[in-house]
Amino acid sequence: MRRAKAAVAPYLLALPAWIWFAIFFVVPIAAMASVSLTTGNILEGFQQTLSFSNYADAVGQYHVQLIRSLIYGGTATVIMLLLAYPVAYWIAFKGGRRKSMYLFLLLLPFFVSFVLRTISWGFLLADDGILFGPLKSAGLLPGDFHVLATDVAVIGGLTYNFLPFMVLPIYVALGRVDPRVIEAAYDLYASRWAAFRKVVLPLSLPGVFAGVLMTFVPATADPVNARVLGGTGNTMIGNIIQTEYMTNNDYPTASALSFTLMAVLLVGIFAYARSLGTENVLEAAAR
Amino acid sequence: MTKTQAGAEGATAPSAAPQVPAIELDGVVKEYLAHGEVVQAVKGVTLSIAEGEFFSLLGPSGCGKTTTMRMIAGFEDPSRGAVRLRGQDVTDVPPNKRDVNMVFQSYALFPHMNVWENVAFGLRRRKVAEADIKRRVGEMLEIVDLTGREKRRPREMSGGQQQRVALARALVNRPRALLLDEPLGALDLKLRQAMQIELKRIQREVGITFVYVTHDQSEALTMSDRIAVMNNGLIEQLAPPREIYERPATTFVAGFIGTSNLLTGEVERVADGHAVLKAGEDGRVLVAGGAHRAGDPVAITVRPEKIMISTEEPAGEVSAVRGTVSEVVYLGTYNSYVVGLPGGAEVTVFQQNAHDSSSTAERGDSVWLSWQPQHSYAIGS
Numbered sequence: 001m002r003r004a005k006a007a008v009a010p011y012l013l014a015l016p017a018w019i020w021f022a023i024f025f026v027v028p029i030a031a032m033a034s035v036s037l038t039t040g041n042i043l044e045g046f047q048q049t050l051s052f053s054n055y056a057d058a059v060g061q062y063h064v065q066l067i068r069s070l071i072y073g074g075t076a077t078v079i080m081l082l083l084a085y086p087v088a089y090w091i092a093f094k095g096g097r098r099k100s101m102y103l104f105l106l107l108l109p110f111f112v113s114f115v116l117r118t119i120s121w122g123f124l125l126a127d128d129g130i131l132f133g134p135l136k137s138a139g140l141l142p143g144d145f146h147v148l149a150t151d152v153a154v155i156g157g158l159t160y161n162f163l164p165f166m167v168l169p170i171y172v173a174l175g176r177v178d179p180r181v182i183e184a185a186y187d188l189y190a191s192r193w194a195a196f197r198k199v200v201l202p203l204s205l206p207g208v209f210a211g212v213l214m215t216f217v218p219a220t221a222d223p224v225n226a227r228v229l230g231g232t233g234n235t236m237i238g239n240i241i242q243t244e245y246m247t248n249n250d251y252p253t254a255s256a257l258s259f260t261l262m263a264v265l266l267v268g269i270f271a272y273a274r275s276l277g278t279e280n281v282l283e284a285a286a287r
Numbered sequence: 001m002t003k004t005q006a007g008a009e010g011a012t013a014p015s016a017a018p019q020v021p022a023i024e025l026d027g028v029v030k031e032y033l034a035h036g037e038v039v040q041a042v043k044g045v046t047l048s049i050a051e052g053e054f055f056s057l058l059g060p061s062g063c064g065k066t067t068t069m070r071m072i073a074g075f076e077d078p079s080r081g082a083v084r085l086r087g088q089d090v091t092d093v094p095p096n097k098r099d100v101n102m103v104f105q106s107y108a109l110f111p112h113m114n115v116w117e118n119v120a121f122g123l124r125r126r127k128v129a130e131a132d133i134k135r136r137v138g139e140m141l142e143i144v145d146l147t148g149r150e151k152r153r154p155r156e157m158s159g160g161q162q163q164r165v166a167l168a169r170a171l172v173n174r175p176r177a178l179l180l181d182e183p184l185g186a187l188d189l190k191l192r193q194a195m196q197i198e199l200k201r202i203q204r205e206v207g208i209t210f211v212y213v214t215h216d217q218s219e220a221l222t223m224s225d226r227i228a229v230m231n232n233g234l235i236e237q238l239a240p241p242r243e244i245y246e247r248p249a250t251t252f253v254a255g256f257i258g259t260s261n262l263l264t265g266e267v268e269r270v271a272d273g274h275a276v277l278k279a280g281e282d283g284r285v286l287v288a289g290g291a292h293r294a295g296d297p298v299a300i301t302v303r304p305e306k307i308m309i310s311t312e313e314p315a316g317e318v319s320a321v322r323g324t325v326s327e328v329v330y331l332g333t334y335n336s337y338v339v340g341l342p343g344g345a346e347v348t349v350f351q352q353n354a355h356d357s358s359s360t361a362e363r364g365d366s367v368w369l370s371w372q373p374q375h376s377y378a379i380g381s
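From first to last, the protein sequence lines are chains A and B. Numbering of the first sequence is given in the working numbering, commencing with residue 1 and proceeding in unit increments. Numbering of the second sequence is given in the working numbering, commencing with residue 1 and proceeding in unit increments.
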């Protein structure tokens, strides 16, 4: 009897989370999937017609923004990776006793709202703001120089906002690399670079994978950065979905776009896992 | 590069013709800062290890043996002193440019590589031709008896197998010397004993100098040609196992290696080349050698198995002390007795269980202990 209870306990403990997940994730997503196949409008109501043409129409109309989002998200992810890896490496191997302080500093911006931080980036990058204003009046920059409302501003904002999500998993993965294994590489005639390339980097790949997953997906779907830092030419798919839903009340199109984005991201992530070698990633992660 | 004499190449006898030693440490000191204070982990070690020798650094944890080895490998820079490999000063040479390889305590195998890739790592870094790599890795895996497991990952192997991969990974490079840092520490007793014999066999087979770090005295005694017993950052004694065991140079060595009995006393007289110490009412301790004078305070050690136990006073030129048996432990092939002396000292005695076990003393018995003068070793403090 006791044994039976003990066997059931983990399931019971996990149950609330599963129910939560079912109610707030599975149900809405099923509802959205259903909405994405309806036709109609807000005044006359929507009928379920199983019209897959919503998808074709949405993609046909907004493929520019969809592709732009993938490019922005992808570029930001690559820049984040290049910025985050050295920082994570430095904290993991050179952080010494101050490791936790460095991690805290890295996370400190999170205590300020995401939107607020993005808006302050807007102030910083404003055409005549505190950064470019003085430079322009000093004649160091041409009068019509601007960063706001360009690709650079949006990608920069995305990079800035999601960077800690890239640093943390890489840091964790690097922290798990046994220093003796690195010593063994040196002992076996590896140069610093060879030891990194052959031992440290492969062992940190699970962290890189997690970091990319945690940044590329939200960055690609993010509407805030494009809204605050971008101009009319920098609209991302997140903005379109928002506008279709909130302003135009075109629920089927918004839903269809959401699912298209989801599908594209999933395919992208799986392809990426494949290219890293899923087996290696999962195996190393399971260590 | 210093030239070795013709024929010295691959010599296995440690005391062969004079040749450049494989490894030399010259007044090596390692200091580091801990909480703002300078701590000396190694306080000045000078030693010379011959080509093909099985050399052990033995001592308790924190004695500086691992630091000493890591300075040979190049992972620690000596604060003072020099490290030479075959006469060449390598003090400032990084580990990846030193012709020695290390077997780590926890093996430190590359977890993302299989056995074959692990073993081939060093050869690949040295840009050895792929065909040679294939042949040498194959041969090495055969020596360590891992043929057929090339595709296994370290995680999928037992401790003993991982140990052999670590050994193969180091030996395949044919280093000038192999450094082993407590390599058997993680294995259980049976496996450890099997691996001791295995290691010795492999060393004979490849003829490479082994430097072996251990805190396990029986391991060091079993395998080594010579042992350096370290304590507190210094070498207490450097000698072959038998000498270390039978003639410990210091109280520390006597206490650390095996069981040993420490007796102290004052020289009463010197006669016939023996110094005679008074021990209790009617006892005496004879110490061979004429280096003592009457009145000198002397500390001696006696190994438990050198002592005879009897009920009657022994005759002849032997040490003889009286005591009371306070404990008897049956240990299969022998009995261990603890005998209390009148002065309060306790002496451990091992007595073989021969066919006539009638001479066995019981707890509480009054007995005589006796041993030959040459088994009393006077030691420095």
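There's no promise every hint is true.
Said to hold, decoys possible - Chain A regions said to be covered by chain B (calculated; three or more residues, Cβ under 8 Å):
#1 64-77
#2 180-191
What the hints assert, rightly or not - Derived DSSO-like pairs: lysine-lysine, alpha-carbon spacing no greater than 30 Å straight-line:
#3 B:127 x B:151
#4 B:151 x B:97
#5 B:97 x B:190
#6 B:306 x B:200
#7 B:134 x A:94
#8 B:43 x A:94
#9 B:190 x B:151
#10 A:198 x B:134
#11 B:134 x B:43
#12 B:43 x B:97
#13 B:134 x B:97
#14 B:190 x A:198
#15 B:306 x B:278
#16 B:190 x B:200
#17 A:198 x B:97
#18 A:198 x B:151
#19 A:94 x A:198
#20 B:127 x B:97
Everything labelled a hint here was simulated from the structure, so no lab data went into it. Values in this document were obtained by computation on a predicted structure and should not be read as measured data. We put the beta carbon where it would ideally sit given N, CA and C, even for glycine.
For this session: Check each numbered hint from earlier against the structure, then list the numbers of those it violates in ascending order.
Result: 1, 5, 7, 11 and 14
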